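Protein chains in written order, with our numbering: chain A, 4 to 122; chain B, -7 to 400.
Please keep in mind that the hints were generated in silico from the structure rather than gathered at the bench.
Please read these numbers as outputs of a predicted model, since none were measured by experiment.
Possibly wrong hints are sitting among the right ones.
[To be verified] Derived DSS-like pairs: lysine-lysine, alpha-carbon spacing no greater than 25 Å straight-line:
no., chain 1, residue 1, chain 2, residue 2
1, A, Lys32, B, Lys335
2, B, Lys303, A, Lys32
3, A, Lys32, B, Lys305
4, B, Lys348, B, Lys335
5, B, Lys348, A, Lys113
[Unchecked claim] Calculated from the model, a selection of chain A residues having no Cβ within reach of chain B, i.e. all distances over 12 Å:
no., residue
6, Leu9
7, Pro22
8, Leu53
9, Ser93
10, Ala105
Note that beta-carbon positions come from the ideal geometry of N, C-alpha and C, so glycine has one too.
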Amino acid sequence: MEEYVLLMRLDIITKDAQPSPEQMQQYMKQYHDWVGGIAAQNKFVGGTGLSTEGRVFKSNNVITDGPFAEIKESIAGFITVRAKDFDEASKFAQACPILQGAGNTVELRKIVSVHEKGK
Amino acid sequence: MNQQELIPHLFRTEYRKIVSVIAKRFGFEHLEIAEDIASDTFLTASQSWGLNGIPENPTAWLYNVAKNKAKNHLQRINVFEGKVAPIIKQDVTSEKSEEIDLSPQNINDSQLQMMFAVCHSSIPPEAQVGLSLRILCGFGIEEIADAFLTNKETINKRLFRAREKLRENNIKIELPREGDIEMRLDTVLTTIYLLFNEGYYSISQDKTVRKELCLEAMRLCTMLVENKATNKPQVNALLSLMCFHASRFDARIDRHGQLILYDDQDVNLWNTDLISKGGYFLNAAASGDKISKYHLEAGIAYWNTRKEDTKEKWENILQLYNRLLQIEYSPIAALNRTYALSKANSREAAIFEAEKLDLGDNHFYFLLLGELYGILDKTKARTNFQKAYSLAKTQSEKQAIQKKMDEL
Chain A
4 MEEYVLLMRL DIITKDAQPS PEQMQQYMKQ YHDWVGGIAA QNKFVGGTGL STEGRVFKSN
64 NVITDGPFAE IKESIAGFIT VRAKDFDEAS KFAQACPILQ GAGNTVELRK IVSVHEKGK
Chain B
-7 MNQQELIPHL FRTEYRKIVS VIAKRFGFEH LEIAEDIASD TFLTASQSWG LNGIPENPTA
53 WLYNVAKNKA KNHLQRINVF EGKVAPIIKQ DVTSEKSEEI DLSPQNINDS QLQMMFAVCH
113 SSIPPEAQVG LSLRILCGFG IEEIADAFLT NKETINKRLF RAREKLRENN IKIELPREGD
173 IEMRLDTVLT TIYLLFNEGY YSISQDKTVR KELCLEAMRL CTMLVENKAT NKPQVNALLS
233 LMCFHASRFD ARIDRHGQLI LYDDQDVNLW NTDLISKGGY FLNAAASGDK ISKYHLEAGI
293 AYWNTRKEDT KEKWENILQL YNRLLQIEYS PIAALNRTYA LSKANSREAA IFEAEKLDLG
353 DNHFYFLLLG ELYGILDKTK ARTNFQKAYS LAKTQSEKQA IQKKMDEL
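Just chain B, same shape as in the assembly (with noise of 0.2 Å):
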C-alpha cells in the first residue's frame, strides 16, 4: 500500500480507537478535544510521511505521536487553565498521570463504552447514527454525508447538536449498570440495525459505501458479542439476522447498482460463509427466555437462506411473521406477512386479508395484490400493477413492475 491508500485505510480503523481512548481519558464532555488529537495525528502523519516515507509500524507511530498530543494537551491545560475535570488533576500527581494507555485491551473496552455513550436515548436516532459513523466507524463527515443522501453541512450541524446535547446530559464513558444493561442495550442495537439498514436498503448507488456500512453494523455488533456483559440472547440474534442478510449482498445488486429482487438471484453467489454464521450466532441466541424481534428476523431471514419452496419453509415464516407483528407492527412486514399467507395457505386467502390492510399509498401494496391475484384473475391483476406503477417512487422500481405487467 502506498501513503495514499494507507493513510484513509489507517484512517477507517485506527481513527476510532484513538478518539475513544483520548476521549474515555478525558471524559465524554472533551469530546471534540479527542476528535481533534486524532485528526491532528492523522495530518502530522500524512505530513512527516510525505517528507520521510512510511514508518516502519505505521500504527504504533500513529499511537505515539496521539500519545504525545494528548499528553502536550494535557500538560497544557493543566499549567494555563486548570479546566480538565478534577479527576484528571488529580493524576498529575502521580508519575503515570498523563500516560494514554493505547493497549489492545484498553482500546477494546474504551470503544464498547463509548458505543453506550453514543447510543443514547437522548438523541435522536439518525443523531446516533452519524455520531456512531463518526466515532465508532472513522467514517468522514462527506462520507456520512453521503450515505444519507444530504450534505455535509447538515451533518456538521447534526453531529454538533448531539455532542452539545450529550454533554448536557453528562454522559460518560462507562459501561451501564448491571440493571441497565438491557434498556441501554436496546438503543445500541436499534443503532446498529439502523446502521445496517442503511446500508443494505439505502437508494444510494454506490455499493461500496453501502456494503462498509453493513460491515461496520456487523463489527460493532460483535464488538457486542466478544464482550462478557453485553453478550446477551438479543445480541447474538441480530448479529445473526445480519450474517443472513449480508450473505446475499453481492447477489442483490447487480454491476450498475440495481437491485436483483430474491427470485433473480444467482444462488452461487451467496455467501455461504455468512450463511454458517449466520446459523452459529442464531443458536448462541437461543437461551434465555425472551424472544426479542431480532430473534423472529433472524429466524425469517434463515429461511430465505433456503431457496427451496417448501410448504414447511412459508408455514415457519407465516408464524415467525405473525409473532414479530405483534411484538411490532410495520408494514413492510404486514405485505410480507400476507406474501407468506398465500404461499402456507393459499392465494385466495392472502388476497381476502390483505384486503383488510390499511396501505392505499403503498406500492408495495398495489404489487403484492398484483402478484396475489396473478394467475386468478389477470384484469385485477393489472390494474393492481398499474396502480403500483403510478405510486412507485424510483426508475427502476417502475422497471421491476413493467415488466411484471408484461409477464402476465
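Next up, chain A with everything else stripped away, as it sits in the complex (with noise of 0.2 Å):
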C-alpha cells in the first residue's frame, strides 16, 4: 500500500463563491459521506479542511493575508489515503463532490516517505 495526499483547490473567498446555508450543509454532507467511504473501505490516512484564515510567506520577508497566491488555487482541504496503485488513489479523486463545481480541482500526489520505507 502507498500513500497519496488529495489536494481540494477552490475558490474559498470571492462573494460570488459563497453557498448558501442549505447549500453548504449539502456540500458538507456530499464531502462527508465521500470522506466516510473512503474510511468505511479503511484506506482513510488523515486530513481535514481548512479555514480561509492564513498567511502567506516569500523571500525577502514578503508576508501576505490569505492563505493563497491565486484566489482559484487556493487549497480548502486536503485528506490522505491509502492505495494500491495510482489508479485506485485516483478512483478516490474522481469521486471528490468539489469536482462538481466548475473550475474547482483536486491534485492527486505520492507520497514519497512511505514510497521509500514502503517496499
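Join the two chains into one complex using the hints; note that each chain is given alone, in its own frame.
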C-alpha cells in the first residue's frame, strides 16, 4: 500500500463563490459521505478541511494575508489515503464532490517517504 | 439472606475493596499477599459464621478480620524478614503505622488508583480485563474463565504473568500525574469498554454473568466520573454509551439466551431509566473541544434508542459513522455505515458503496448485501444470503439468515 495526498483547490474567498447555508449543508454532507466512504474501506489516513484564514510567506520577508497566491488555487482541504496504486487513488480523487463545481480541482500526489520505506 | 447467599454476595462487593486498600498499603509488589489476605478473610468468615451465626454487621466484621490479618502479616515480616519496602518499616515507628484504613474515602481512592495500576499498557488488553475482573470486580477465577470461554488454568496463568509484568515495571498504586492522566485514561477506558463488550456481545449463553460484566464496567466508569481528576468528557461519553446499550439488555436476549435483533425487539422492555441516564452523561460529555470515538458511538447509540425510522435519525447516524470510521476503522462500523447510507441516501447508493468493501470473509457483509438487494433484486439477495449462511459460525446466526431467505 502506498499513501497519496489529495489536495482540494477551489475558490473559498470571493463573495460570488459563497454558498447559501442550505447549499453549504448539502456540500458538507456530500463531502463527509465521500470521506466516510473512503474510511469505510479502511483507506483513510488523515486530513481535514482548512479555514479561510492564513498567511503566505515569501522570500525577502514578504508576508501577505490570505492562504494562497491565486484565488482559484486556494487549498480548501486535503486528505491522505492508502491505495495500492495510482489508479486506485485516482478513483478516490475522481469521486470527490468538489469536482461538481466548475474550475475546482483535486491534485493527487504520491507521498515519497512511504514510497521509500514501504518497499 | 442466609450464609450461603451472603458470603458470595459480600465477596463480590467487599473483596475488591479489601484488596485495593491492603495492596495500596503494602505496595503493588505485594499484590498477591493482599489478595491472599482478602481471600483468607472470607475463609475465616465462612468457618466462623457457620459455627457462630452471621454477625450483626457482616461488612464491619470482615473489615476487622482483614485489618487484623494485615497487621499480623506486617508484624511477622517486620520481625522475621524486614522484607517489606522501607516505607512500611519507617511507618512502624509510629503508633498508627499498622492501621489499615478501611474508611469509605480510602476504599474509593484505593480502588480508583488500583484501576490505573491494573489497566496499564505494559500488559495485553485481555490480561487487563482479566485482572480487572479479579481485583476490581471480585470475580472468581472460574467466573472469569466462563466469561472468556476458557479454563481456570489458562486464566490463572494469564493473571500470574500479568502481575509479574506489572511488578517488573514497578507499577505504583496511585493516580497518574496531571499531564499523564489523559493518556493513561485511554487505556483504562479501553479496558472498561472491552469488559462491557465482553458481556454485551459474548457468545456465552449465561445471561446473568453477561449482565454482570456490563454492570461492572458501568460501575468502574461511574467511579471515574465521580472523581474530579478523572471526570473528563470522554469518560462521560463512554458511560453514556454503555447506558444506552445496556438499556436494551433485557430486550435483546430471549429466555433461552438467544439474540433478538433490533427490529424485532419489544420496545416496552427497553429500560427508560438507563436511556435518560445515557442522555444525562452525553450532555455532560459535551464540554471541551475533543471528540473521542466514545462521543461518536454514544451519539449513534442515542439515535438507536429512538425506534421510529426518520430521515433525520439515519442522516445523523450516517454522519456519526462517517466520522467514527475516520478515527477508528472496524469492519462492523463500515457495515453499519453502509446500512445507514441505504436509509439516509438510497439502497442503490449503499449497494454501490458496499461493493467496494473488501469484507468477503465476513458473513455480516453478505447479510447486509442480501438485505440491501432485498426488494430490488431477489435473485441477488438470495445469493448473498446463501453466502452469509455458509460463512455464519453459530447455529442461531444460521437460523436468523434462514428466516431472511424464507421471507424473500
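Hint check results:
1. Using a Cα cut-off of 25 Å, the hinted pair A:Lys32 and B:Lys335 holds, with the two alpha carbons roughly 15 Å apart.
2. The hinted pair formed by B:Lys303 and A:Lys32 meets the criterion: a straight-line CA distance of about 14 Å does not exceed 25 Å.
3. A C-alpha spacing of about 14 Å is found between A:Lys32 and B:Lys305, which places the hinted pair at or below 25 Å, so the restraint holds.
4. Among the hinted pairs, B:Lys348 with B:Lys335 is consistent with the structure: their alpha-carbon atoms are about 18 Å apart, no more than 25 Å.
5. This hinted pair checks out: B:Lys348 and A:Lys113 have alpha carbons roughly 22 Å apart, not beyond 25 Å.
6. A:Leu9, annotated as away from the interface, keeps every beta carbon of chain B farther than 12 Å; the closest lies near 14 Å.
7. For A:Pro22, the shortest C-beta to C-beta distance to chain B comes to about 18 Å, beyond the 12 Å cut-off, and the non-interface label holds.
8. For A:Leu53, the non-interface assignment is confirmed: its Cβ lies about 16 Å from the closest Cβ of chain B, beyond the 12 Å cut-off.
9. No Cβ of chain B comes within 12 Å of the Cβ of A:Ser93; the nearest lies about 14 Å off, and the non-interface call holds.
10. At roughly 24 Å, the least C-beta separation between A:Ala105 and chain B is larger than 12 Å, which holds for a residue marked as non-interface.
Consistency with the previously given hints is maintained throughout, with no hint failing.
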